[in-house]
Each structure stands twice: as structure tokens, then as C-alpha cells.
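A.B. asks: Residues per chain, in single letters:
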Amino acid sequence: MKCTYSCQSDAHVMARRQFLGTLTGGVVVGGLGALTSPAAAAELKRKDMRVMVIYMSGGVSQLETWDPKPKTDTGGPFRAIPTSVPGTHICELLPLTAQHMDKLALVRSIDTKNGDHGKGNYQMTYGRNQMPGVEYPHLGAVCAKGLERPDNPLPGHIRVGGGSRGSDAAYLGPKYASVGVNGKPPANSARATNLAAETDALRNKFRRKANDHFLKERRTAKTDIYTQSYEQALQLMERRDVFDVSKEPAKEHEKYGKHQLGNQCLMARRLLENNIPFVQVSHSNYDTHNENFNFHFEQLGEFDQAYAALIGDLHERGMLETTLVVVMSEFGRTPRINKYYGRDHWGTAWSVCLGGAKVKPGAVVGKTNANGTKVIEREVDHGDLFHTYLSAVGLDSRGTFDIGGRAQLLADPAAVGISELIM
Amino acid sequence: MKLETNKTHILHQWKHGRPMIACCFDPTGQYLVSSSEDFSLQRWDLKDGKKIAWPAHDSWIKDIAFLPDGETVISAGCDDRLIFWPTAAEKPTPIREVVAHKGWIRSIDVKPDGSLIATGGNDKVVKIWDPNGKLVRQFVGHERDVYSVFFHPKENVLLSGDLDGKVHQWNVADGKLLRTFDAKELHTYNGGQQVHYGGVRDIALSPDGKTIACIGLHKATNPLGAVNEPIVVLFNWEDGKKLRAQPGAGIKAIGWQVEFLADGTEVAACGGSGGGYLLFFKTAEDKPYHTLKLPDTARDMSMHPNGLQVATAHHDGHIRISQMTEKVPAPKADTAKKK
Numbered sequence: 001m002k003c004t005y006s007c008q009s010d011a012h013v014m015a016r017r018q019f020l021g022t023l024t025g026g027v028v029v030g031g032l033g034a035l036t037s038p039a040a041a042a043e044l045k046r047k048d049m050r051v052m053v054i055y056m057s058g059g060v061s062q063l064e065t066w067d068p069k070p071k072t073d074t075g076g077p078f079r080a081i082p083t084s085v086p087g088t089h090i091c092e093l094l095p096l097t098a099q100h101m102d103k104l105a106l107v108r109s110i111d112t113k114n115g116d117h118g119k120g121n122y123q124m125t126y127g128r129n130q131m132p133g134v135e136y137p138h139l140g141a142v143c144a145k146g147l148e149r150p151d152n153p154l155p156g157h158i159r160v161g162g163g164s165r166g167s168d169a170a171y172l173g174p175k176y177a178s179v180g181v182n183g184k185p186p187a188n189s190a191r192a193t194n195l196a197a198e199t200d201a202l203r204n205k206f207r208r209k210a211n212d213h214f215l216k217e218r219r220t221a222k223t224d225i226y227t228q229s230y231e232q233a234l235q236l237m238e239r240r241d242v243f244d245v246s247k248e249p250a251k252e253h254e255k256y257g258k259h260q261l262g263n264q265c266l267m268a269r270r271l272l273e274n275n276i277p278f279v280q281v282s283h284s285n286y287d288t289h290n291e292n293f294n295f296h297f298e299q300l301g302e303f304d305q306a307y308a309a310l311i312g313d314l315h316e317r318g319m320l321e322t323t324l325v326v327v328m329s330e331f332g333r334t335p336r337i338n339k340y341y342g343r344d345h346w347g348t349a350w351s352v353c354l355g356g357a358k359v360k361p362g363a364v365v366g367k368t369n370a371n372g373t374k375v376i377e378r379e380v381d382h383g384d385l386f387h388t389y390l391s392a393v394g395l396d397s398r399g400t401f402d403i404g405g406r407a408q409l410l411a412d413p414a415a416v417g418i419s420e421l422i423m
Numbered sequence: 001m002k003l004e005t006n007k008t009h010i011l012h013q014w015k016h017g018r019p020m021i022a023c024c025f026d027p028t029g030q031y032l033v034s035s036s037e038d039f040s041l042q043r044w045d046l047k048d049g050k051k052i053a054w055p056a057h058d059s060w061i062k063d064i065a066f067l068p069d070g071e072t073v074i075s076a077g078c079d080d081r082l083i084f085w086p087t088a089a090e091k092p093t094p095i096r097e098v099v100a101h102k103g104w105i106r107s108i109d110v111k112p113d114g115s116l117i118a119t120g121g122n123d124k125v126v127k128i129w130d131p132n133g134k135l136v137r138q139f140v141g142h143e144r145d146v147y148s149v150f151f152h153p154k155e156n157v158l159l160s161g162d163l164d165g166k167v168h169q170w171n172v173a174d175g176k177l178l179r180t181f182d183a184k185e186l187h188t189y190n191g192g193q194q195v196h197y198g199g200v201r202d203i204a205l206s207p208d209g210k211t212i213a214c215i216g217l218h219k220a221t222n223p224l225g226a227v228n229e230p231i232v233v234l235f236n237w238e239d240g241k242k243l244r245a246q247p248g249a250g251i252k253a254i255g256w257q258v259e260f261l262a263d264g265t266e267v268a269a270c271g272g273s274g275g276g277y278l279l280f281f282k283t284a285e286d287k288p289y290h291t292l293k294l295p296d297t298a299r300d301m302s303m304h305p306n307g308l309q310v311a312t313a314h315h316d317g318h319i320r321i322s323q324m325t326e327k328v329p330a331p332k333a334d335t336a337k338k339k
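Line by line, the protein sequences are chains A and B.
Per this note's numbering, the first sequence starts with residue 1, numbered consecutively.
Per this note's numbering, the second sequence starts with residue 1, numbered consecutively.
This is chain A alone, in the form it adopts within the complex (with noise of 0.2 Å):
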């Protein structure tokens, strides 16, 4: 999905390049390592633990969802609405969300002491500040290789809203990057018409054949990379009505919404309830430089029905107890309304939702002063809430993985997770 922001910054055109490259870079592949103790993972897979992030993409304002300041200098024009959990208020433009709240969390003291959209997708996805010559996995490889289930053929980390191949897995490997799909089945992902069943068995058997022949002799990691892609891009072609959102009915797409998110909100509901551990979905566009409270008003309105319908459709499946949904942009934006009624970049005092798994229902964690321009209790970074994301999933964000002998870290070291959100 082409996502333009406001700002023309050129973090948007690198990762557009890389994203490009990453266009030749093959299908599904396989990866090394196991987790550190085989009775968590055991305990993972009981309970089917799934990850799935909404971002807000160019940054939503805090004072226009989470954390309003009704009536102060900074607060705008909409007010503030009660919602499910009493004391709780968040603004006016999300009522169906409002009825959720007891379902959901908000950590409203996020300081990430950045205003770059490029850097700060990086600080909230890979739970880390970006570094020259550095690569660590992004959150949906880490869910997609921790939760990992060995039965699934589906991949394990998914973008809906297109594109191909991610390059955001690092040492994990590409079996864990991100994979993009857009409500409809992969391209090629059929057999072709003109080829009889038989004959494509009888092509596969052929392939494996000659593989395991090679294999004999010329055996490497390369060709086992090799092989688990054919194997599961065969398994895939079995299920791709799973990416085909067309089958769901129509009354569900008019509950979500008929538009872009809510289109984006339905096909991750139907990969959740295909056990896919990681889904991310996007919403564009909140770099509300100008007019900042049309745009929310415009945006949001769509988000609200979207994110109300899926969080009450998990929490009715009994799927929210192992399900984590977080809402989270590269940062929030300024207090301060500027002269074309916008809001401007900000990472110094702003929040995030999320809700669902081990995440404590109806908790509020933290908070700004009086007009939200700065945090005043229980202040947090991107590095804090990835452990808390990992840990509302029931992995060990202190944990490492064993990449070919070597123990890498699942989250910064450096950070903490927020203990008190998590049941």
C-alpha cells in the first residue's frame, strides 16, 4: 500500500527502496534455532497466542484518541466521552470504541524522544533505536518464530495491504519475514488450469526425487532453505482461501466498514482465526500537519468502526484471550496547535492501546500533565512496551533464540517491560 506523508520525509523513500528490493527475494523459506526452554513453547502452542498491531500510520494524536485535554490550550475542539471503564475517558471520535475500553488498556506516558517517522516505525515495531550496520527482527518476525506453529503452512508474519516479501526478519531468517497480502490469494498461487492434478503430483514427486538425489551428496543450509519453500508455498496453495477476504459475508464487511481498513480489519480477523501468530494492518494517513482535526475526524471515523468490530468480534469468538491487538504510530503529535489548525510531530508524551491475551482489561497505565506536553508519571519507551508486547503473549522477552549456536536476545536488554499491565 502506497502510504504518502505530509512531511516528504526521506525515511518514506528508503524503506520504499528497500521494500522493493526485497520484491526478487523468493518465497517462503525455513529457519534454524529452537526457544530456550521446549515447556514454554509447549505451553505457546496450548494456548495459540497471536499478535496482531493496527499502525497508525504518520502518527496519530494522542489528544484525539487516548489522552484528550478537553477545555486546556492544547486540547482542540473535541471533547472527552466516558467509556466502559468508569473514570476512563478518551475522545468523542472513538464511541464504538469507547464500549470496549473494559476490554482494552492504555499506556498513555510513551516517551521515545523522536520525531522522525522513519526512526520512530523502527523504535515501535523493532523495539529499538535504529543503528547503522545493526539488524534486529522486527515484532512480527520475533511473534511469527516464537509462536510459531510447525503445523500451520500459512506464513507466520503477515502485512495485510500487498506487497511482496519483507526484508525485516535479520537473523531470524527470511522464513520469518514479512509477507504481504492484500484480501485476495496470492498471485499464482492457483494451479494452472491447463495442468491435470495427476500430472502436477507426478511434477512434484519428479522434484523431490532429483532434490533428494542432490541433497545425498550437496547437502547445505541453502538447500534446505530451498526445499522448505517449495514444500510450504505447496502447502499455502492448498489454503489460499484463507487470503481470499471476498468469502467473507457481506453483513460482516458492512460491520467493519466499507472502506480500505475495514476491508484490512476483516481479513485479520480471518488469518487470526487461521492461527497466524503475527498480523499488521495499516491505516493512512494521520501526518496531520494541516486541518489535523478534519483528518482525524475523517480517519478515525473509519478506524472506530473497524477497531470496534474486531475487537467485539474476538472478545464474542473467545479469541481476545490469546490475542494481543496493539494500536501504535511512529509517535503522537504535538500539543500545540499550529496556524493551519495541525498538529506537528511528537515523541514526548504520548500513548498507545492495546488490549486482549495477557494484557489486563480496563487498566491505564501512566500520564501526561494538565495540557499533555509532557509525562508525568510512569514514563516509557518503544524498548518497554516491545517486552510488553512479548510478554502479554506469554514469551520470554528475556529469553533468547538459538540462532545456529547462538543465543540472540528477543527484545533491547536495556528495557523493561510494564509488569503491571500484564496478568
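It is worth saying that the hints were derived from the structure and are not from the lab.
Bear in mind the structure is a predicted one, so any value in this text is a computation, not a measurement.
Watch out, some of these pointers could steer you wrong.
[Unchecked claim] Simulated crosslink set (DMTMM-like; lysine to aspartate or glutamate; CA at most 25 Å straight-line):
(1) B/K51 with A/D73
(2) A/K69 with B/D316
(3) A/K374 with B/D38
(4) A/K255 with B/D123
(5) B/K102 with A/D73
[Said to hold, decoys possible] Pairwise CB distance ranges (calculated):
(6) A/K71 with B/P153: 36 to 42 Å
(7) A/K184 with B/K176: 41 to 47 Å
(8) A/K184 with B/V140: 34 to 40 Å
(9) B/W54 with A/S419: 44 to 50 Å
(10) B/P153 with A/E252: 46 to 52 Å
(11) A/R317 with B/L177: 40 to 46 Å
(12) B/W54 with A/E321: 49 to 55 Å
(13) B/E143 with A/R203: 49 to 55 Å
(14) A/D151 with B/E143: 46 to 52 Å
(15) A/K251 with B/D69: 50 to 56 Å
(16) B/K184 with A/P132: 45 to 51 Å
Cβ coordinates follow ideal geometry from the N, Cα and C atoms, glycine included.
Model the placement of chain B on the given structure of chain A, informed by the hints.
C.D. replies: Same frame as chain A, now just chain B:
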């Protein structure tokens, strides 16, 4: 004094201190009432610029209108409410409050005979009220937020403009949609940013009743970054045909308000990343024949009943009154007296 728009100059500059949103002259020419981001209303005495401010709404006030006698001013809030105030009271308190819309009320207009009030807002509905705040009827048909409402001064019709650039003409008597002017130039959908932007920010009718003007913005190459140009779109009232588009001389701004002057020309206020301007157009020409740069971005404009002054509301916390005549020289200082 005669109208000489190319000699327009700032006559008064009055400071409130917080960013201003809207302003409106009272029909008797005694006061100007304005609103600001501090949720207050301010009343300015035009004789001396003396200000009285009072807390008014639980949200911002996007538009202000007077009943024709000037004794009652009505504020349209982003908190669903219309509030009626006694204009000249020492400490104004509400005469009545009406929960009028769901969410923002973006525009209010009073029928010139004072018999009806029209409002429109983010709930996409246009509503007609009597002067006592009783709902008379409502018009449903806009597909996006209603940005502007305008009573025709002679015919019993109302125009309402929306974010899509659609201007609906309604029969006030029965609520029937009579026709739609398509000012599509005023709407942009940016696929990259996935936002709708623009809207009919204001509507005006020429003194001869032959032309309507709709103002907003176009060339919105970066809506979220305030990259756009003001534009006025003119229609022939009789047959509804588009006459011309009048872009705003390359200025990066939103066209907020347009008014016709007594000589049939237009004055428009615009503001944005390129600053604040008054633009002057002739209906037969595409380009402004005169521009006046204002000291700060403008967000609203109101025409004085004498037709020779416009007030503008500015982000820098000022109200500015511009005089569209030749500058009157200041009286010479009495040097003998000083000595």
C-alpha cells in the same frame, strides 16, 4: 467614502492573545463578535476597540451570526450546540441553548428577514430553526460534512455546500432538493494519503442576484502538509452553469470566505502556509486584480454592513479590520500644544 479596493489597508488591529477562529459584524455596525481557540467569545466595540470576552462553549466556535436587529448573536459550537446571546449585555449569559447537531456545527446563516436560521455540520444534515430555536425542518442529502449554508436574500431557497464540493439548493418551504451545483474543483481525494480534502468553505451571491460564488481550495498536492491554493468557483444563478474558476494567484492557502462588494466584485480571505491575504476578483476575470498581504494567516472574514470594511480573524490572536477605501490621513499633531 467610496469603495476603492486597490487602496485597501488595515485600519485596526486588535489583540485577543489566543488564536482566533471566527468573526462577524453585527448588522447595526456597533460590534464585532469573534471566537478563539480558548472556547470564548469576544465582543469588540467598533468605536474604540474595547473588548469583552466570556466563556461560551465546551468546544471551539466555528461560526457566528446575528439576528437582523443586532440584539441577539448566535454562536455555533463544535459541541453540538447553538447558543443565543444578548449582544450588548455587560456580561452576556445565554438566552437559550439548542442541541442542534451531532458534533460540529460548521456554519450558520440567518434569513435576511430574521424569520429562519440555517445550520449545517459534520452530521451531514442541514437544519432550519425559527428564531426561538425550534426546529422547523431538516434537509438530508449530503454525503459528506456540510461546510457552509447560505440563505438566498430574495427567494425562499437555501444553499448548502459540503466537503465533496456539492452545493445543494433546497426549497425552504418543503425541504425539496431543487438542484445541485457541482463545484468539484473544491474537492480533492488524495490516494496516497487516503484523505478527502477541501470543501465549499463559503457561499455568496452577487448584488444583482446573477452569480453565486463558492470558495475553497484546489491543487491539493499534499493535503496533510497544507500544500494547496485557494480558489473561487462562480456559477450562473439562472441556469446553474459554471461560469469560471478563479484560482488564488499561486498562494499556498485555503480560501475561507468570499463576499460580493457593492460594485459586483468579490473579496476573498485566505490563509495557510503561504500567509494570509485578501484577494480581489472581478467576476469576468480568472485572476485576482488586486491582493493585500495580511500580517498573519487569516481564518475567517466578515463584511461590515457599510460594505467598506472587512474584519479578519487571525491565528496570531488578532482581529484586523481592513478598510477598502482610500486611507484617510491621520490628523496632524498639534505641535504648539506639545510645546
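A.B. asks: Each of the hints needs a verdict: does it hold here or not?
C.D. replies: Taking the hints in turn, this is what the structure says about them:
1. At most 25 Å may separate the alpha-carbon atoms for a hinted pair to count; B/K51 and A/D73 meet this at roughly 20 Å.
2. Taking the CA atoms of A/K69 and B/D316, the gap is about 22 Å. The hint holds against a cut of 25 Å.
3. Annotation: proposed proximity of A/K374 to B/D38 holds, straight-line Cα distance about 21 Å (limit 25 Å).
4. Between A/K255 and B/D123, the direct Cα distance comes to roughly 20 Å. Compliance with the 25 Å bound is thereby established for this hinted pair.
5. Distance check on the hinted pair: B/K102 and A/D73 sit about 24 Å apart at the alpha-carbon level, within 25 Å; holds.
6. The hint said 36 to 42 Å for the Cβ distance between A/K71 and B/P153, and at roughly 38 Å that hint holds.
7. Checked against the hint of 41 to 47 Å, the C-beta distance between A/K184 and B/K176 comes to roughly 44 Å, which is consistent with it.
8. Distance hint check for A/K184 and B/V140: the Cβ-Cβ separation is about 36 Å, which falls inside the suggested range of 34 to 40 Å.
9. In this structure the hint that B/W54 and A/S419 lie 44 to 50 Å apart at CB holds, the actual value being about 49 Å.
10. Checked against the hint of 46 to 52 Å, the C-beta distance between B/P153 and A/E252 comes to roughly 50 Å, which is consistent with it.
11. Taken as a hint, the range 40 to 46 Å holds for the pair A/R317 and B/L177, whose Cβ atoms sit roughly 44 Å apart.
12. In this structure, B/W54 and A/E321 meet the distance hint of 49 to 55 Å, their C-beta atoms being roughly 52 Å apart.
13. A beta carbon spacing of about 53 Å between B/E143 and A/R203 agrees with the range 49 to 55 Å that was offered as a hint.
14. Taking the beta carbon of each, A/D151 and B/E143 are about 48 Å apart, inside 46 to 52 Å as hinted.
15. At roughly 54 Å, the beta-carbon separation of A/K251 and B/D69 lies within the given 50 to 56 Å, and the hint holds.
16. Take B/K184 and A/P132: their Cβ atoms lie about 48 Å apart, and the range 45 to 51 Å holds.
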